[in-house]
Each structure stands twice: as structure tokens, then as C-alpha cells.
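In the order they appear, the protein sequences are chains Z and Y. Each number in this note's numbering corresponds to the 1-based position in the first sequence with 50 added. Each number in this note's numbering corresponds to the 1-based position in the second sequence with 722 added.
Hints in this document: simulated from the structure, not taken from any laboratory. Please note: incorrect hints may appear among the correct ones.
To give a feel for the contact side, a few chain Z residues facing chain Y, derived at Cβ under 8 angstroms [to be verified]:
no.	residue
1	Lys106
2	Asn107
3	Leu108
4	Thr109
5	Gly110
6	Phe139
7	Arg229
8	Arg286
9	Asn287
10	Glu331
11	Asp332
12	His336
13	Pro339
Just so you have them, the derived chain Z footprint on chain Y, three or more residues with Cβ under 8 angstroms [to be verified]:
no.	region
14	937 to 948
15	992 to 1004
For every residue, glycine included, the Cβ atom is placed at its ideal position computed from N, Cα and C.
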Amino acid sequence: MFDQEIYVTFLWTVSGALLALLGSTGIFVSLLVQRRVERLQDVLEEFLELPYFENKNLTGPMANLVRKYQMYYLFPHGPSQTLLFYLDFTLALIGGIWMFVLLQGLQPPLGNQLVIQGLLLFLIAGNFLLFRRLLQHSINPTGNELFNAIIPPPDQLRSVSYLSRYVNVSVRSMIQQARLALVIQPDGELRLKEELSFDDFFYILSAPGLALWAWGELRLQFPADPITKKPVPLQRNIEIPLAGTSAPALSETISSLTITFWIFALGEKHPIQYRFILDREDGGFHSRPFPENTVQSQIVYQVEQKKLRILKGMELLTGMSAFLDDLWWDGERYYTQTPAKGVPCRCLRMPEIR
Amino acid sequence: MNEFVCLRQWILNFRRLLAMPASEEKSLPPCASSTVQLYPYCLLDKPAVPLPDRLAVADSKTEADASIPEPSVPLLADHAYLDLGSTLPTVEQLCSADEPRCDRLDLALDQLLEVMVQQRWSRLRAGINELLKDYLRSLLGLSAPGTFPGLAHSPAPSYSNTGESTHCPAPDPDELTRRYMDILSLIFEYCQSSRFPYRDSLWGYFSDCLRSVGLTLAEHRQWSALAVLITETAAMGRQAAREGLPTAPLQHLLRRLESACLSGNAPEIAQLAKNLRFTLEV
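All chains, full assembly: derive it from the sequences and hints.
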């Protein structure tokens, strides 16, 4: 049997040594994590610099960058779980040693002082748990609420509102790469086509030739692939039904239609205006490539409490003045061909990849 | 002679080169007289799909054109030429004399590359237009304008068949399409060199012309030729996307062709068009 006093002193030093080892490995882990965060931020920066080459076709590079970002973002869970196991084991060992040493020093008359001493011990234990959580998050910095603001999840890269609000890039040139197009199918359904699936914005669409107004919030959800279980941050060639137009309006002898489309992003005050010219082709209408897009500075808007408020430029939207008080950001798509009646229809068809 | 006449002359010469029969391939016909009657010039990049009768009618016909005796010739007329790139030669073949192959499309390619070197944009544009019109005529079995004046008044040939011609021997549509598309892709390859300044415009013109050609083929139900055309076009499109050139018109064309193929009962070509559209920018 060891000498009692020497043994307790030895346990003290062992717990100190274990803490020092934990600290030094912590530095290595943080170096690795730091490198990874740097890579992610590099990719993010590269992605955000792309839209400055406005006239180039960047759809492919942008989709590839999002994919690359996702690759760095999805860190395999195996190593981080091993690290966490080491961490937990060491902390439990240190805690055990401390408890053992304290119990050795416990002297029988248990008075009121013990309550205060015990309370302090509880606080220390709680603090240990907090730091363990912090370490757990920084070992695996993605997908937790602590670091989401610094390292956004890959699907945020398709969110127009996120890009315009936090990153302050030119949303117009970003969304230009999505190559928006409008189609009216032979059955009268109006669809928005996107080459890259940007979402999270409010839109208002006006087709004077059809007396059609459509508005709503565009929010897409791509569930993870059911077989490979990989998340899907961005899709290509998506079609979003916006409105159903009645057949009589189309059966008339119109050869081309002009449709105006405004995009309202969170964090901006002027919408982006697209002007599509649709030609009759194959029984339906297809918009011409390269539609004119500008920032419409006549309209000023503000978003408050999940609602879009038009502050200036009502005259451009007089056709739908009955609905201007109810522009909710609720993820629904509305349309009407009879604005005077005041009851919009909801477009319930789901977006599809075509 | 001012520039306009030169350009006109060049186009007329180029047209004559394309309409040249096999027997005369080695000597270019003499220049046409400059007194001509103007007909509306048929441009393939206009939104309208060229109708067969518009293609069959000479869009700027001269009397001199009428003197060219034969319609467009079958391709690859001389199979005797020994090409090490495509065959493994036998000793007998090496010892025997072979006739060098040189058909009108090789000459046309030379002409086009020459105007590219000279950076003559209008000539290049007109040359590509003429080349593709010639392709459509050969494929649909139409006679070249001005070659047989009597034929202009004869009843129009039937187009709804599988490319069988009533006038000239029908070439294999796949082979024919591949031949012309090879020329286009060589031109496209050259236009990416830094010495050629009109890369973006040329690609835009290519997209416009290929749309007309593709839609014409779909209208005439030339499915196998269409499959070759869109495969080759998509190969160019992928290269263009890598270079940062716009591919929106091409996507639009493939989408339209997909629906045209579906309605024309050619689902496998529709599937091909869809696949190509999805992989255009990967």
C-alpha cells in the first residue's frame, strides 16, 4: 500500500498533468479546425466574388463552388466523435480524481459550511460542462447554432436574402446567373424557370396582357437524397409554377406578351426588375433569352414583421392595389386574374426539376 | 469595286463552291457577273424556321449560277484514298496509287478558316449561313438553288419521308451531319484562339443558326440526324460553358427539341436532349 499522503499528492499532480495534456492537444485540434474554417471561408469568398464578372456565364462554376463548399462543410463525424470520446474520458478521469481526493479529506462533523462548499463544487462542475460543449462545437463547427452565423450551411448560399443581408453582394448580378425565364404552358400554367435554384425572396409579377398579377414568397426545400443521404444545397433547371392563366386569354391571337417581374430581397430597399418578352412557341409562350434586368429605384419597400410594405412607387402596382396590405412572407404563392374581386387564388403545385 | 460588292462576290463564290459537283472540285468556276437581281436573303438565324420552299428557291439568284450543271454531290465520293488515321494499310494498298481526296467541304472549310484569319466577320457569318443552308438542302434532298432552273417549277419533293430524295442520291444522314458538324466544331475551336476577336459574336451566331437547323430537322422528322446534331452541339456547348460563354439559347433549343421530339414520337431523342441539357454545364 502507498503512503496515503504521497498518494494524494501524486493524484493532484496527475490531474494537473492530464489537464496540461488536454490543453496542448486542444491547440492541435483548434489548428485543424481553423484550417477547415479558412477553407470554407475561402470558398465562400470565391463564390461571392464571382458575380463581379457580370457578362460571363458562371452557372457551372457557381454550382461547382456550392458543391465544393458542401464538401468541406460536411466533415466526417468519425474523427470528431473519437476526439470527443478522448475528451470525455479525460474529463471524467480528472473529475473522478478530484472527487476521490475530496472524499479523502472529508471530515465527519457535517455542518452548514459543507452546503456552501458543495455549491461551489456544483458551479465548477457546471462550468466544466459548458466548456465541454464549447469544445464539442469547435471540433465540429458546422451545423450548430453557435457557428452558423460565421459559417453558413451550404443551402444558405442559394438564399438571395441571406446574400444581400449579411454579405452585401450585388444581388442583381448574382441572380442574373440563375438565368430566370418565364414559360406559359399550353394548359395555361405560368412557370418560372431557374437554371440555379436561388430562393428566399418575395416576388410580384405583372402581366398586363393577361390582366394577371402574381405575388408571394419563393422558398424552396430540397430534402436530402433518399438513397445516398446527401443534402442537396442547390438544384439545376428548376421550374416553379406561379399562376394558372385561363385559356381564353391565351387563345386570342396574341403573338407576344410582356411580363414584368420584381424581386424583393430582405436587406435591400429597391427591387430588381426583370422585363420578359414571351413569344408564342410550340403551343405555349417562352421568354426570350437574356431578359433586361435593372434595379427599379422608383419602388421603395421595407420588410417588417414578416410583411412587405411598399413605401414608394405604388403607381407601378396600381393593378393590385387591393392586395398591397397583405403581402405576407409566408412561403405561399398567390395569383389573380380578376384583381377587382379582391380574392386571390393560391398556387399549390410543387416546383419540379425538368 | 467597293466592299459591298466584294462581300457579295465572296458569298456567291462560296455558294458556288458548295454547289460544285465532284468532277469539278479541282477548279473553281469563274466569277459571276455583277449584274444581279436581288431576292430576299434567307438568314438562318431569323426566328422563323426556314420552310423548305424558301430553301429551295434561290434567295439571290444570278444567271451565272444557273450555268452550274449539277445539283449537290454525294459526299466522300472517293473512297480509294488511303488514310492511315482510319485504316490499317495492307502492303497492296501501300503499293497501289491512290487518288487524294478533296471534296467541296474541305475547300469550304479552308475558305472559312481563311476569312477567320483575315478577321472578316461578315464573310465568316455569311459562309456559315451558306454552309448550313447547303447542309439542310443536302439532307432534305432539295436541289441547290439555281442549279436546275427547270426544277424550280416542278412539284415540291415529299419531305415527310426519312430523307430519301427524289432528285439526288440520298446520303447517310448521320454521316452527312457529322461531316458538317465537324467543320463547325473546327471553326469553333479556332475561334477560341486569342487571335480571333469575335468569339462571343460567333458563338451567338452559332447558337442562333443551330436553333433554326435543329428545329427544321425536328419538323422534318430527321431523328437520327438530329441526334448527331445535338450531341455535337452539346459538345461545343460544354466547351463554351467552360469558356464562360452564354449557353442560355442552347438550353432553350434543347428544351424545345425535347418537347418537339416527344410530340413527334421519338422519346429516345427527347431523353438524349434532356440529358445533354442537364450536363451542359457540369
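So, going through the hints one by one against the coordinates:
1. Satisfaction of the interface hint for Z:Lys106 is found here, the shortest Cβ-Cβ separation to chain Y being roughly 4 angstroms, below the 8 angstroms cut-off.
2. Because the closest C-beta pair between Z:Asn107 and chain Y is about 5 angstroms apart, less than 8 angstroms, the hint holds.
3. A least Cβ separation of about 7 angstroms between Z:Leu108 and chain Y falls short of the 8 angstroms threshold, and the interface hint therefore holds.
4. Hint status for Z:Thr109: holds, given a least beta-carbon distance of 5 angstroms to chain Y, under 8 angstroms.
5. Checking Z:Gly110 against chain Y: minimum C-beta separation of about 4 angstroms stays under 8 angstroms; hint holds.
6. The restraint placing Z:Phe139 at the interface with chain Y is violated, with a minimum CB-CB distance near 46 angstroms, outside the 8 angstroms limit.
7. Interface restraint check: Z:Arg229 against chain Y, minimum CB-CB distance 5 angstroms, threshold 8 angstroms, status holds.
8. At its closest, the beta carbon of Z:Arg286 sits 7 angstroms from a beta carbon of chain Y; the interface hint therefore holds under the 8 angstroms criterion.
9. Satisfaction of the interface hint for Z:Asn287 is found here, the shortest Cβ-Cβ separation to chain Y being roughly 6 angstroms, below the 8 angstroms cut-off.
10. A least Cβ separation of about 7 angstroms between Z:Glu331 and chain Y falls short of the 8 angstroms threshold, and the interface hint therefore holds.
11. Because the smallest distance between the Cβ of Z:Asp332 and any Cβ of chain Y comes to about 6 angstroms, under 8 angstroms, the interface hint for this residue holds.
12. Among the interface hints, the one on Z:His336 holds; its C-beta lies about 7 angstroms from the nearest C-beta in chain Y, closer than the 8 angstroms criterion.
13. Taking 8 angstroms as the C-beta cut-off, the interface hint given for Z:Pro339 holds, the closest approach to chain Y being about 4 angstroms.
14. Interface restraint, the region 937 to 948 of chain Y with chain Z: violated (0 residues with C-beta to C-beta distance below 8 angstroms; minimum three).
15. Three residues within the 8 angstroms Cβ limit are the bar, and the region 992 to 1004 of chain Y against chain Z gives 4, so the coverage statement holds.
Taken one by one, the earlier hints fail for this structure at numbers 6 and 14, listed in ascending order.
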